[in-house]
Structure formats: structure tokens, C-alpha cells
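Residue numbers (the numbering used here), protein chains in the order written: chain A, 1 to 479; chain B, 1 to 97.
I should point out that these hints are in silico values taken from the structure, not numbers from a laboratory.
Bear in mind that the values here come from a model prediction, so they are computed numbers and not experimental data.
Possibly wrong hints are sitting among the right ones.
Cut-off 20 Å, straight-line C-alpha distance, at most; resulting in silico cross-link-like pairs (DMTMM-like, lysine to aspartate or glutamate) [said to hold, decoys possible]:
(1) A:Lys269 <-> B:Glu19
(2) A:Lys24 <-> B:Asp83
(3) B:Lys23 <-> A:Asp34
(4) A:Lys28 <-> B:Glu55
(5) A:Lys84 <-> B:Asp83
(6) B:Lys23 <-> A:Glu380
(7) A:Lys30 <-> B:Asp83
(8) A:Lys24 <-> B:Glu55
(9) A:Lys28 <-> B:Glu19
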Amino acid sequence: MNLPVIIKFVIDLLAVLLLALGIKGLSKVKSARDANRLAAFAMSLSVVGLLSYYLGTSGIAIQSWIWIIIGSIIGSLFGAILAKKVPMTSMPETVALFNGCGGMSSLLVALGVAIFPISGGQENFDFFKSLINEVSISVSIFVGAITFTGSIVAMAKLQGWLSTPGWTQSKVRHFVNIVFAVASLIAFFDLINGNTSSIWLLVIVSSLLGIGVTLPIGGADMPVVISLLNSYSGIAAAAAGFVVDSQLLIVAGAMVGAAGLILTQVMCKGMNRSLVSVLFGGSLSSQSTASSGSGEYTNITSCSVEECALTLEAANKVIIVPGYGLAVAQAQHTLREVTKKLEQNGIEVVYAIHPVAGRMPGHMNVLLAEADVPYEQLKEMDVVNPDFPATDVVLVLGANDVVNPQAKNDSSSPLYGMPVLDVQEARTVFVIKRGMSAGYSGIKNDLFDLPNTSMVFGDAKKVLNDLIGELKDLGVGEK
Amino acid sequence: MSFISLLWVLLLGSLLGLELIGKVPPTLHTPLMSGANAISGITMLAALTLIVKAEGNVPLLIIGSVSLGFALFNVVGGFFVTDRMLAMFSRKPSNKK
């Protein structure tokens with residue numbers, strides 16, 4: 001063992017250790033930010049380790065440096081700009097985009113090695129070794145392509161660029177996907193048999209498979225899909241590690257892959273969905289069209305902002321239920337103004353955060369934190385649910401499915417069993433909503449029909465602005 | 001590195017990943033996913049290896065460079081965006097005082 005090998009070994013070991021500590025730290029609120037920086041440091045350390053190893057052994061050609069610098073600058077620059085510019089509301093699709101690019105990178109590495117075998121491995125040709133090489137190249141391409149196209153579809157759907165086409169809800173899609181899967185298997189065996197050109201077939205069909213699997217999945221389940229694809233990109237990285245013979249890549253990829261799977265499982269639990277039903281069940285609304293859950297509203301009470309303000313003024317305890325609609329309207333700052341006024345008047349204000357509020361678990365916490373809402377006022381569902389009977393007013397802002405009592409009362413509803421916020425227990429419920437359209441699940445919300453529920457129609461931001469005006473007229477918070 | 005020992009590395013890495021995330025508060029799901037996602041951009045090492053070993057093969061250099069670009073887009077963007085999210089959580093206590 002010479003010096004460069006030893007140095008690289010030590011650096012790799014250190015990088016793995018720091019990455020593991022980073023992932024661990026990211027699962028606790030206190031340590032999360034430092035852990036993220038630690039992981040970033042570990043990644044740069046690993047690059048230094050790799051480059052110094054090659055400098056110490058084979059050396060790095062000038063030409064290689066040029067291409068390294070070009071690739072790094074362009075990639076990092078775009079990544080940094082996007083990360084700085086993107087609004088907090090579109091975090092889920094941003095993560096999906098980044099993730100897809102990680103998959104694309106693994107795919108390209110495997111493709112490069114497959115088309116132009118790296119020199120140096122050729123001197124003693126070994127059948128077993130070349131088989132392993134071909135298998136890892138195939139896995140890397142297969143998983144990388146699925147990750148890439150799947151993530152791009154997920155991003156497009158979350159951005160609203162792509163809706164769920166009707167035909168994807170029929171059973172035909174399973175058949176189509178099976179055809180893609182079988183075709184990639186054929187391409188794989190053909191490749192092992194020595195037919196190098198079938199690699200293109202593998203790229204194409206696995207890309208189509210990624211699209212075919214993701215396209216039918218409804219918007220509500222997208223976070224789970226992104227988390228799963230995140231796990232896939234780890235697996236793709238591990239496969240690329242086999243291709244270029246890098247232990248560090250294999251460890252880090254395997255770690256992300258396994259951690260991603262666990263996180264996916266945790267998210268599924270929070271939404272009361274099984275992974276199987278997310279992947280193969282199609283979107284929720286298609287199942288519910290025939291169920292008893294759908295139907296017309298019979299007893300809608302609509303009220304003005306003024307009435308809402310009067311009721312709020314007389315309240316002692318107010319619970320806010322924020323949802324994605326609030327985020328879309330960018331109204332979290334306006335909401336904060338309203339709650340500040342109420343607090344100045346001695347009214348107790350609490351935010352009830354459903355585990356999947358927003359578009360991704362934890363997304364709403366990020367948005368409210370952005371608007372300077374004190375962390376202590378954010379209450380998780382299990383903590384806040386017993387408080388609803390003692391609450392005077394509940395303000396539901398752009399949330400829908402997570403406050404649907406059907407999930408508790410109606411065993412025929414597709415939502416049945418999903419954990420929900422028991423807002424109907426409160427004395428008065430105001431639902432601020434643009435219209436009577438259904439939520440993500442496409443299911444009627446029984447809450448709107450209840451006698452203690454009043455609808456305030458309008459854009460969340462506008463309604464909240466009007467509310468500030470009304471509260472001012474009432475002299476609330478003017479001390 | 002023999003294939004068998006690489007398999008051991010894969011196995012132990014997976015077990016480590018399974019152990020690392022036990023109980024995660026829902027608050028942290030999005031940042032954790034985004035952070036783990038940034039780490040999966042570790043394929044940048046594979047892309048670097050490809051470029052270094054290309055030995056003047058221009059198409060391979062280009063593929064490696066594009067691959068490196070995609071991976072770094074993932075890594076740099078992922079870590080920055082995670083930091084931005086987490087900054088919002090940690091800002092609160094320090095502002096109070």
C-alpha cells in the first residue's frame with residue numbers, strides 16, 4: 001500500500017462517518033442545520049480525497065481538468081441559483097427536480113462506461129468480472145432512468161404542467177407497464193449476451209417505465225413518490241459505485257437508499273396509505289366517483305368577512321388550520337398579521353398542523369416559520385385534537401381533506417381511516433376557500449354541510465386582508 | 001477490491017441507512033428528504049472518475065462532464081435548499097432574546 005491509497009482510504013472512511021452523522025442529525029430539529037452542513041462538508045471532503053488520489057497515482061491530464069471545471073461550474077451555478085430563487089411553496093417540485101438530475105448523472109456514468117470501456121480493466125479479461133460489470137451498468141441505467149423520468153413527471157404534476165390523463169386510470173396501464181418492464185429485462189439479457197447496442201433499448205424502455213409508473217399517481221400521493229424516487233437515486237448511485245469500483249459511492253448510495261425507504265414508510269403511515277396502493281392504486285378521486293362519499297352539498301352557510309371578524313373578536317381561543325391553499329395564495333404573512341392582532345387582544349391563537357399539511361410532510365412548518373410564526377404555537381395533530389371542543393373559533397385556510405369528518409364517520413369513504421383534525425368539535429368553524437371545489441382527493445367534504453360551519457368565499461390573501469381591516473374597525477389589537 | 005467485499009460494503013451501508021432514521025418528527029420530513037437527496041448526488045465521484053480515466057477520449061469526457069454537472073446541480077442545490085428550509089426553524093429561538 002502506498003501513500004495515496006492510504007490517504008484516500010482514511011478520507012473515505014472519514015467521509016462515510018460524517019455522512020452517517022449528517023443523516024442522523026437531520027432527523028432532529030436541534031441538530032438539523034449543522035448536520036446538513038456536516039454532510040455538505042463530507043461531500044466536498046470526498047471530492048478532495050478522490051482528486052488527491054488520482055494526482056498522487058496516475059495524475060490528471062489538463063484536458064480532464066478542463067472538463068471537470070466546466071461541468072462543476074455549470075452544475076453548481078444552476079443548482080445554487082435555483083436553490084436561492086425558488087419560493088418556499090414549490091419546495092416539493094424542487095426536490096423532485098434535483099433528485100431526477102442525480103438519477104440522470106448515474107445513468108450517464110453507466111452509459112459512458114458501457115460505450116467506452118475504461119482502459120486498464122482490459123489486461124486480464126475475466127468472464128465473471130465482466131458479467132458483474134454489465135449487471136451493475138444495467139442496474140445503474142435502469143434505476144437511473146426511472147428516477148430521472150419519474151422525478152420529472154412528479155415535478156411537472158406538482159407544478160400543474162401535467163394533469164392525470166384519464167386513460168392512465170384504466171387497467172390498461174398495468175399492462176403497458178408490464179410490457180416496459182419485460183422489455184427492459186430482455187434488453188438486459190441481450191446486453192449480457194454481448195449485444196452492446198441493446199443498451200439504448202434499455203435506456204428507452206426504463207425511461208418509459210418511469211413515466212408510466214408515475215403518471216397515474218394523484219397529486220396527494222406525490223410526496224410519497226418523490227421520497228421513493230429519492231431512495232431510488234441512492235440505489236442508482238450505489239450501482240454506479242459498482243461500475244467504477246468505489247466503496248464510498250456504494251456505502252453512501254446504500255445509506256440514502258435505505259434511509260429513503262424508511263422515510264417513505266413513515267410518510268405513508270402519516271397519510272394512511274400503503275405504499276402498494278400509492279404505486280398501483282391510481283389517484284384517489286377515480287375510486288371515489290362511484291362511492292357514496294360524493295354528492296351534492298345541501299346545507300352550505302356562507303358568511304361575510306365582517307361576521308367572521310365579529311365572531312373572532314368575541315373568542316377566547318382560536319385555532320388556525322392552514323393548508324396548501326394558504327401557501328398558494330402566499331398568505332402566510334398576512335395570516336401572521338391577523339393572528340398578531342388577535343393575540344394583542346388577549347385571544348389565544350394556536351396553529352394546528354396536520355402531518356401532511358401543505359404538499360409534503362413538514363412543508364407547512366417551513367412556510368409558517370418563514371412568516372415568523374413562533375415555533376411553540378405550531379401544534380401537531382395529536383396534541384391539538386383534544387383542544388377542539390374547548391375552542392371558540394376555528395379558521396380553516398385552504399385545507400380540505402385533512403378536516404373532512406368522513407375519515408372518521410363514513411367507513412365507505414376512500415378517506416376512511418386517515419388521521420384528521422377534529423375541527424367540527426369547535427363551537428364555530430370558518431372555512432376560507434375560493435369555491436366549492438373538492439380537495440386533492442376529489443371527495444366531498446362533510447364538514448361544509450355542518451350547522452356550525454360557515455364558508456367565507458374568496459382568495460385566502462384577500463379575505464385575510466379584509467379581515468385585518470374589519471378587525472381594525474372593531475378596535476382589535478389597538479392598544 | 002473484490003466483488004464480494006463490495007457486496008459486504010453494500011449490505012452494511014444499507015443496514016446503516018435503515019438504522020439511522022428511527023423516529024423523525026413530521027416537521028423534518030421535507031428537509032430530511034431534501035438533505036438525503038443531496039447526498040445521493042455522490043455519483044459526482046463516479047463522474048469524476050470517468051473524466052480522469054477518459055484519457056483524451058473526447059466523447060467520454062463530454063459524457064463525464066455532463067454527468068458531473070447533473071450531479072453537482074443535485075448536490076449544491078440540494079444542500080442550499082435544505083439549509084434555507086432549516087434556517088427558518090433555527091432563526092426563531094435566537095431572535096427571541
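Tested hints:
no., hint, result
1, A:Lys269 <-> B:Glu19, "holds (18 Å)"
2, A:Lys24 <-> B:Asp83, "holds (16 Å)"
3, B:Lys23 <-> A:Asp34, "holds (19 Å)"
4, A:Lys28 <-> B:Glu55, "violated (45 Å)"
5, A:Lys84 <-> B:Asp83, "holds (10 Å)"
6, B:Lys23 <-> A:Glu380, "holds (15 Å)"
7, A:Lys30 <-> B:Asp83, "holds (13 Å)"
8, A:Lys24 <-> B:Glu55, "violated (39 Å)"
9, A:Lys28 <-> B:Glu19, "holds (15 Å)"
Consistency with the previously given hints fails for numbers 4, 8, ordered from lowest to highest.
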